[in-house]
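Protein chains: 2
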Amino acid sequence: MLALMMDRPLNLPSILEYAAAYHGEREIVTRTVEGPIHRYGYADALARAKCMANALIALGVKPGDRVATLAWSTHRHFELYYAVAGIGAVLHTINPRLHPDQIAWVANHAEDTVLFFDVTFGELVGELAPKLATVRTFAAMTDRPHLPPQAPAGTLVYEELIDAHSPQFDWPELDERQASALCYTSGTTGNPKGVLYGHRSTVLHAMALIAPDCFDLSARDAVLPCAQMYHANAWCTPYAAPLVGAKLILPGRQLDGPAICELALAERATFLLGVPTIWVGVLDHLDATGQRLTSVRNVAIGGSAPTASLIRRVEDQLGATVRQIWGMTETSPLGVINTPLAKHEGEDEALAAQRKLKQGRGLWGVELRILGEDGTVQPRDGVSAGALQVRGPWVASAYFKNDGAQAFLGDGWFDTGDIATLDAERYLRLTDRAKDVIKSGGEWISTLDLEDAVSSHPAVAMAAAVGVPHPKWDERPLLLVVLRPGFSAEPDELKAHVAGRVARWWVPDEVRIVESLPIGPTGKVLKRQLREQIADPAPV
Amino acid sequence: MLALMMDRPLNLPSILEYAAAYHGEREIVTRTVEGPIHRYGYADALARAKCMANALIALGVKPGDRVATLAWSTHRHFELYYAVAGIGAVLHTINPRLHPDQIAWVANHAEDTVLFFDVTFGELVGELAPKLATVRTFAAMTDRPHLPPQAPAGTLVYEELIDAHSPQFDWPELDERQASALCYTSGTTGNPKGVLYGHRSTVLHAMALIAPDCFDLSARDAVLPCAQMYHANAWCTPYAAPLVGAKLILPGRQLDGPAICELALAERATFLLGVPTIWVGVLDHLDATGQRLTSVRNVAIGGSAPTASLIRRVEDQLGATVRQIWGMTETSPLGVINTPLAKHEGEDEALAAQRKLKQGRGLWGVELRILGEDGTVQPRDGVSAGALQVRGPWVASAYFKNDGAQAFLGDGWFDTGDIATLDAERYLRLTDRAKDVIKSGGEWISTLDLEDAVSSHPAVAMAAAVGVPHPKWDERPLLLVVLRPGFSAEPDELKAHVAGRVARWWVPDEVRIVESLPIGPTGKVLKRQLREQIADPAPV
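Protein sequences appear in the order of chains A and B. The opening residue of the first sequence carries number 1 in our numbering; numbering runs sequentially from there. The opening residue of the second sequence carries number 1001 in our numbering; numbering runs sequentially from there.
None of these hints come from the bench; they were simulated from the model. It is possible that some hints are incorrect.
Stated by the list, open to error - Anything over 10 Å on all C-beta distances counts as not near chain A; from chain B, calculated:
{"no.": "1", "residue": "GLY1060"}
{"no.": "2", "residue": "GLU1127"}
{"no.": "3", "residue": "HIS1146"}
{"no.": "4", "residue": "GLN1354"}
{"no.": "5", "residue": "ASP1452"}
{"no.": "6", "residue": "ARG1531"}
Claimed, not checked - Straight-line distance between alpha carbons at most 20 Å, and here's what the computed EDC-like set of lysine to aspartate or glutamate pairs gives:
{"no.": "7", "chain 1": "A", "residue 1": "LYS343", "chain 2": "B", "residue 2": "GLU1267"}
{"no.": "8", "chain 1": "A", "residue 1": "LYS472", "chain 2": "A", "residue 2": "ASP423"}
{"no.": "9", "chain 1": "A", "residue 1": "LYS435", "chain 2": "A", "residue 2": "ASP374"}
{"no.": "10", "chain 1": "B", "residue 1": "LYS1495", "chain 2": "B", "residue 2": "ASP1452"}
{"no.": "11", "chain 1": "A", "residue 1": "LYS343", "chain 2": "B", "residue 2": "ASP1044"}
{"no.": "12", "chain 1": "B", "residue 1": "LYS1343", "chain 2": "A", "residue 2": "ASP175"}
{"no.": "13", "chain 1": "A", "residue 1": "LYS401", "chain 2": "B", "residue 2": "ASP1007"}
{"no.": "14", "chain 1": "B", "residue 1": "LYS1401", "chain 2": "A", "residue 2": "ASP452"}
{"no.": "15", "chain 1": "B", "residue 1": "LYS1343", "chain 2": "A", "residue 2": "ASP44"}
{"no.": "16", "chain 1": "A", "residue 1": "LYS343", "chain 2": "B", "residue 2": "ASP1452"}
{"no.": "17", "chain 1": "A", "residue 1": "LYS343", "chain 2": "B", "residue 2": "ASP1007"}
{"no.": "18", "chain 1": "B", "residue 1": "LYS1343", "chain 2": "A", "residue 2": "GLU27"}
{"no.": "19", "chain 1": "A", "residue 1": "LYS62", "chain 2": "A", "residue 2": "ASP175"}
{"no.": "20", "chain 1": "B", "residue 1": "LYS1343", "chain 2": "A", "residue 2": "GLU25"}
Everything numeric in this text was worked out from a predicted model, so none of it was measured. Don't be surprised by glycine CBs; every beta carbon is placed ideally from N, CA and C.
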């Protein structure tokens, strides 16, 4: 027997329509790529998104077509989020930090038909254009005076497209399972793989994000995502903020400490999010200027694990609560988030600091399991590590064009490629990427734990643990360390520092101080490259 | 092009499974109908719900079958919410305050096959049994020693059903559009009409309820619904609380001030909800005892509109914020809720009090429109009243068996039968039920406004405005007033009181002091009966 409830589809235009109707004057504030601050309300954003929807249709964009962007976090990018998905097409947000060959590769793999780009990328796009097999329209996200001269001939101008089209537009009825956006994971191995989000998955994910135990967003909040809109859709804040009528502050391309602090102060941001390195810049700037961001209530930190000292500094200097989050492009990105339980009320400060180092707990909507090498569910003891697998309505079921199918298991779960533990309270802690794991004498050694251990030494700027072959133990850990400028430390001192913090047999046989580590386009150490370098060192 | 995201259905078992896994020891605390306080965790509740699922299947309950309850807000009722829906059957929560003939009518209309009842209703069910054409199984929600002797012969015992069945049960895969629960609106006219909720609508509604701008629920909350689980599912808190792992406090049948205060104090409730009369009892008890409910953060008030003085007393004496809510059985029940906007930060106390008298604003998921008599959308000026119509994924699309089809409009909207205004900030204010509206000289007079106006007089306990025929103006208002015990007031004094508060032509021609008003099973004045009494007064 079917329910007798209205069969209204969950779709993205409904979010912006809601924001425009109920929070029409609530602002989207952008630090534009051209320079000045731009501000307008959700009603204006809707009107312009509708102009753009008309423009896209006039350009021949059909439902299912991929429309690409090479763009920072701005109001125009926001408009494209809704205009492209709203006509039933798919917004492909390309990471401009990829190597140009990879950009061409993903654009061709996605079969993008239109490419919108920020003025920053005029030269890049001019050079790439001949390699883009399917792109037939280029459009610069600016006005005529700012059109970069190196852009391909015939490049259209965003503001002219807006001006030339009507804000009258009726969104087509969309199946809620229709694709809305495409985002490639820039994995550290192999070609990037595309995650194809849908209207339903994105709406459900946005509803989950606003919950008190997640980002805790209301109409009284001002959300400043210190993440780019090509990184898992800036953690989907461009959907979550209008869903509740929160102010949305878009930082353009500038994610440095001074720029973020200026915006957060001026716009009285209440919620910030970003990867750990962002906060180092913010804190250093606050230190240098003596400023305080008193309006901020919560700071979400994800992408990689923050150190205890970083969490403490953010909480002390911003007066905000840190919520660590784990997720990935394939999980929209919400996987788990670290919020306290009722039993933690009045918890000891040291215990709270320990708890906050974990990646977090599951919320309704994401099912998690951790399987050992024998395929059995691991005990929840905070020690037994295994393959982290997830399932839920905002988790990918496949990659675009069926790449990387081995991650999608026959029983409906997605293998994240992470190795993790769950403790008795079900807080998740990542210990490794599966492909980076060190196996010594048949047991796993956590590279993340080794890196965390040495990183707590004041002289350490960055660290990477890798396994090196060993005749008896198969593998033993090698710890590579980059020192902070102006600091010094001896390898033996660092080894002793680690020895005090991990199991005895985990202590690396060697700590090696190096000048730099190879970093990929998402800011992560490229461990495969590192292992190759170690195995076959280039002549000095 | 379809998205490549997992096609996980939104279903109710997933909520309880989540709560059991992630908040297994978080408590459901019940004041049982038998007397003692009962407490257990969500993991226990899941295990017992699975026992009951096995029991229902053993009793021959098939997907789509209706299983009825005549029951208060208890843990056993909670278990049935999940057990019945979880096997694909439909839980029909009958309002025991209905007249016995109406109870028989709805049970027969719903074609209930099983009837679960609390011990309170042993005699009632014993008398009703012969009239229940389709019920083949009766079960008392208690243990053997408490089985009421007047229950029908062969009545099963809930705890014996639990004991006799295994907690091992795999929920069947359910289409998310499958029906899960049936609730009849006990309208003041005609036969009750059934609203058939589904898994999808209920999950989406629960996700909407927990948002910071709605009930604002996290794992750290303790939710005490001062509403019965047969009234729009206790405003769906039995779904929303486990969705976030909040403690759930179920008051059994006792919604009087002392009982609620005792539970709220002992269990440190953070969120309460109920109709206005509930709070009068709570406040009077707090006054009498000098107690304070310091743990409460928010109090949702709905069902009918609270007066300014009631809101002020709740906020003062509980130290909580009042969130007025409007909704109905047909809207699951969330329609609108009164939470402040960013612009209201630091608002003047008097303005805040005025704002809180409105029913609230729309959240994403419920679309509202107000149509004038000519079918045009009314201006948002806080004055222009019209028919309130709604649309959304948790709004009914029809009544069970297609009763009352005229409320479901051809263009997909539901006509609520309420008359309302929207102001410039989109706060909704109800002015009347469409069938109660007074039309005088071609213009509407709001009966709710007249009742509010006279109710602010200290001597007034209750009031009802009705239209009486008038040769010149078609109708004129008559205001019937019940005085508070120990107070006195003259009709002219009350008329003068009203005259200072409404438009001059709204002032009723007559204020009549009466001993009582006819109250229906949901606590609302039966205005149709009142109009009939006035038109054809019974001999004194």
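A quick look at each hint next to the structure:
1. At roughly 16 Å, the least C-beta separation between GLY1060/B and chain A is larger than 10 Å, which holds for a residue marked as non-interface.
2. Annotated as non-interface, GLU1127/B keeps its C-beta farther than 10 Å from every C-beta of chain A; the closest such distance is 30 Å.
3. Once the 10 Å rule is applied to beta carbons, HIS1146/B is consistent with being away from chain A; the minimum gap is 32 Å.
4. Every beta carbon of chain A lies more than 10 Å from that of GLN1354/B, the smallest distance being close to 19 Å; the non-interface claim holds.
5. Its beta-carbon lying about 26 Å from the closest one in chain A, ASP1452/B satisfies the requirement of being farther than 10 Å from that chain.
6. With a least CB separation of 31 Å from chain A, ARG1531/B remains clear of the 10 Å interface cut-off, as annotated.
7. Annotation: proposed proximity of LYS343/A to GLU1267/B holds, straight-line Cα distance about 14 Å (limit 20 Å).
8. Distance check on the hinted pair: LYS472/A and ASP423/A sit about 32 Å apart at the alpha-carbon level, beyond 20 Å; violated.
9. A distance of roughly 17 Å separates the Cα atoms of LYS435/A and ASP374/A; the hinted pair therefore holds under the 20 Å criterion.
10. Taking the CA atoms of LYS1495/B and ASP1452/B, the gap is near 13 Å; set against the 20 Å cutoff, the hint holds.
11. At most 20 Å may separate the alpha-carbon atoms for a hinted pair to count; LYS343/A and ASP1044/B meet this at roughly 19 Å.
12. Only pairs whose Cα atoms come within 20 Å are accepted, and LYS1343/B paired with ASP175/A is rejected, the gap being roughly 36 Å.
13. Of the supplied pair hints, the one linking LYS401/A and ASP1007/B holds, its CA atoms being roughly 18 Å apart against a limit of 20 Å.
14. A distance of roughly 63 Å separates the Cα atoms of LYS1401/B and ASP452/A; the hinted pair therefore is violated under the 20 Å criterion.
15. Between LYS1343/B and ASP44/A the alpha-carbon distance is near 19 Å, which keeps this suggested pair within the 20 Å criterion.
16. For the hint linking LYS343/A to ASP1452/B, the alpha-carbon distance of about 44 Å lies beyond 20 Å, and the restraint is violated.
17. Note on LYS343/A and ASP1007/B: the hinted pairing is violated, with a Cα-Cα distance of about 34 Å set against a maximum of 20 Å.
18. A threshold of 20 Å between alpha carbons decides the hint, and for LYS1343/B with GLU27/A the separation of about 12 Å falls inside it, so the pair holds.
19. Between LYS62/A and ASP175/A the alpha-carbon distance is near 15 Å, which keeps this suggested pair within the 20 Å criterion.
20. Between LYS1343/B and GLU25/A the alpha-carbon distance is near 11 Å, which keeps this suggested pair within the 20 Å criterion.
When the structure is compared with the earlier hints, violations turn up for hints 8, 12, 14, 16 and 17 and for no others.
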